[in-house]
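**Q** Residue numbers (the working numbering), protein chains in the order written: chain E, 730 to 998; chain D, 2 to 393.
No lab work stands behind these hints, which were simulated from the structure alone. Just to be clear, a hint being listed does not mean it is correct.
Below, simulated BS3-like cross-link-like pairs (lysine-lysine); rule was C-alpha separation at most 27 Å, straight line [said to hold, decoys possible]:
| no. | chain 1 | residue 1 | chain 2 | residue 2 |
| --- | --- | --- | --- | --- |
| 1 | E | LYS755 | E | LYS826 |
| 2 | D | LYS122 | E | LYS735 |
| 3 | E | LYS753 | D | LYS232 |
| 4 | E | LYS735 | D | LYS371 |
| 5 | E | LYS753 | D | LYS127 |
| 6 | E | LYS826 | E | LYS930 |
| 7 | E | LYS826 | D | LYS189 |
| 8 | E | LYS735 | D | LYS83 |
| 9 | D | LYS281 | D | LYS255 |
| 10 | E | LYS757 | D | LYS189 |
| 11 | D | LYS255 | E | LYS826 |
| 12 | D | LYS16 | E | LYS826 |
| 13 | D | LYS232 | D | LYS185 |
These numbers were taken from a predicted model, which means no experiment stands behind them.
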Amino acid sequence: MIERLKDLWAHRELLWNMTVKELKVKYKRSVLGFAWSFMTPLVMLLVFSIVFSILARGGDVQWYAVFLMSGLLPWLFFVNSLMQSVGSIVANPGLVKKVYFPREILPIAAVGANIFHFVLQMLVFFVFMLLIRWHFSPWLLLMPFILILQVVLTLGLALLVSAANVYLRDVQHFVEVALTALFWLSPIVYPVGLVASQFPKFMPLYLVNPMTNIVLLWEYAIYNPHHYGPQVAYISFWGILITVVFSIVTLVGGYYVFARIERGFAEQI
Amino acid sequence: MEHAVEVREVSKMFKLYHENVRSLKEKVLFFRKRGYEEFWALRDIDLDVEKGETLGIIGANGSGKSTLLKCMTRIIYPTSGKIMTDGSIAALLELGAGFQPDLTGRENVYLNASILGFSRKEVDGKFDEIVAFAELERFIDNYVRNYSSGMYIRLGFAVAISVDPEILIVDEVLAVGDEAFQRKCLDKIDEFRDSGKTIIFVTHNVDVTREICDRVIMLEEGRIVRDGIPKEVVNHYHQVMETEEEASEQGNRKIEITEVRLLNDRGEETNDFYTGSSMKVRVCYEAREPIVDPVFGFSLDDYRGFTAFGTNTALKGLEMGTVAGDGVVEFDLKSLPMLEGRYLVSVAAHSRDEQTVYHWQDKLYQFEMKSDIDDVGLLYIPCEVKTGPQAG
């Protein structure tokens, strides 16, 4: 394991180059280029704003747009990272079969490129919040910690699913379905208070999902529920602890599994 | 480590599945039913590659050459055994592996170099050299998707060769590009060799190995069957390839050639003969019915199909009369003039007008010429050399 990390470190420049490549290639032949990375969140913002204002007849959440974005942007980062990394190894047979390099670079680069998109989207989001003179809470300072937590979880899952997908192509379809379900099981479109008041019995189960806790943390830090709407806030100590432990275990376990089956990649794809 | 590469008892087995079952449903349905055959691409390979050595690996398709290289470069891993390497490795298993069509030549140079394990700094200093070698000065800022296949290959090779590994592993990549560029690549590899780098080289163009390798190994069904100086191994390779293709038998078998023996000076059966020694070709036959005036003959061909010598009973003015039952014809070659190499023996029995072939064994037997003589060529011609001042 130490050897692998050393090897990965020795290839850090390749990791960087592959990440940059992901970013460059993605929008290379499109007219709008990078602007596309803002399209998905903007369209979702528009659609959910309309749908939610009809369903909740407005008023329930102040500044719904800010609330939605504070959970949606991290969520999209999570989804895009996994969707791109799950196929990252099977999509590069030319490299995997012909060149030696630490194979984990492929899924890690996919996550890395999405970190970049995420940070960029966040910056635009914060410019918008500054324009509307948002009342920021001091919890904002937690953001680097939340980002690291989410990256740890995402990397672990990315390594796991990308490796598993080499042996069983069902994995990529499974990931897609699972992510769609998890999206509605996380308090992104609706405030967590809705679940707490309507289905109080399910709350412990609801909080088992690590992405729920991470989304709640982002909302807590960015949306400032104490000022704008307490129904958005639900931070449980146990939820966070479970999430931290789960994320670390996922990363270590995911990397372990990856390292174990990585030797067969060139023969399997 | 003493050697650049040490291969110890390496075997590699591939599972050849009868059907490529990959989805969960199929995996469950065919659980444990999924049959496969074991295919041993490498068996018990032991090999030391010296530092600074240029090693060629040859062998027929499927003999395990590429598998061995892939094991050395850690792309795949042996089923058993161990491979140790000492020094940085650049592997050219495919030129331009990882080229991105939607990036420019310049961007791809940096990306490809880092895939091969080299840093931006290292490439910076050599960028102009790479572009000049690839002859792509005018196109380096164009997208690679617009490159011709020749340009693509040239750039791939230029990047790979410009990086400065201690061990260079090359698989069959010189088969591409025009002749001038191939020449340039070989020169570059020569340069590499002269600077004391270790080179391991797989190719089908075995004559190239003769030109640039210090040592050649030949693989057959995953085993090393020959290991030595290029000339000998390449000769052996040609012979094996030729024999496999050409040995054949035909005829109506009214006379059947039952046995052919190659005998040396002492009358012992052998496959090794020495320049200047004698050889007897003893042909035993059985005539199934009485045959009037048959002709028996033989010929010696080298692996290129060049007939070194041939004769028959008719050419020697012999009348066999009517033959029936078992018999023997012996050709006594007093002195073999050939230098080193492998020769194929064909034996035939036919009618005098050559219209009817009774039995013709074409290139079915072989023997090896050995020699202590240092002179070169096909044949040994006794030669004395005199030196002195020019007359007049």
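**Q** Next step is simple, just say for each hint if it's right about the structure.
**A** Verification of the supplied hints:
1. E/LYS755 <-> E/LYS826: Holds - the C-alpha atoms of E/LYS826 and E/LYS755 are around 23 Å apart, at most 27 Å.
2. D/LYS122 <-> E/LYS735: At roughly 20 Å apart (the allowed maximum being 27 Å), E/LYS735 and D/LYS122 satisfy the hint.
3. E/LYS753 <-> D/LYS232: violated (50 Å)
4. E/LYS735 <-> D/LYS371: Cα-Cα ~54 Å, so violated.
5. E/LYS753 <-> D/LYS127: Given that 27 Å is the threshold and the Cα spacing comes to 24 Å, the pair holds.
6. E/LYS826 <-> E/LYS930: This hinted pair is violated, its Cα atoms lying about 52 Å apart.
7. E/LYS826 <-> D/LYS189: holds (26 Å)
8. E/LYS735 <-> D/LYS83: Holds: E/LYS735 and D/LYS83 sit about 21 Å apart, inside 27 Å.
9. D/LYS281 <-> D/LYS255: Holds: D/LYS281 and D/LYS255 sit about 25 Å apart, inside 27 Å.
10. E/LYS757 <-> D/LYS189: violated (35 Å)
11. D/LYS255 <-> E/LYS826: At roughly 57 Å apart (the allowed maximum being 27 Å), E/LYS826 and D/LYS255 break the hint.
12. D/LYS16 <-> E/LYS826: holds (17 Å)
13. D/LYS232 <-> D/LYS185: holds (23 Å)
The structure fails hints 3, 4, 6, 10 and 11 (numbered hints given earlier, in ascending order).
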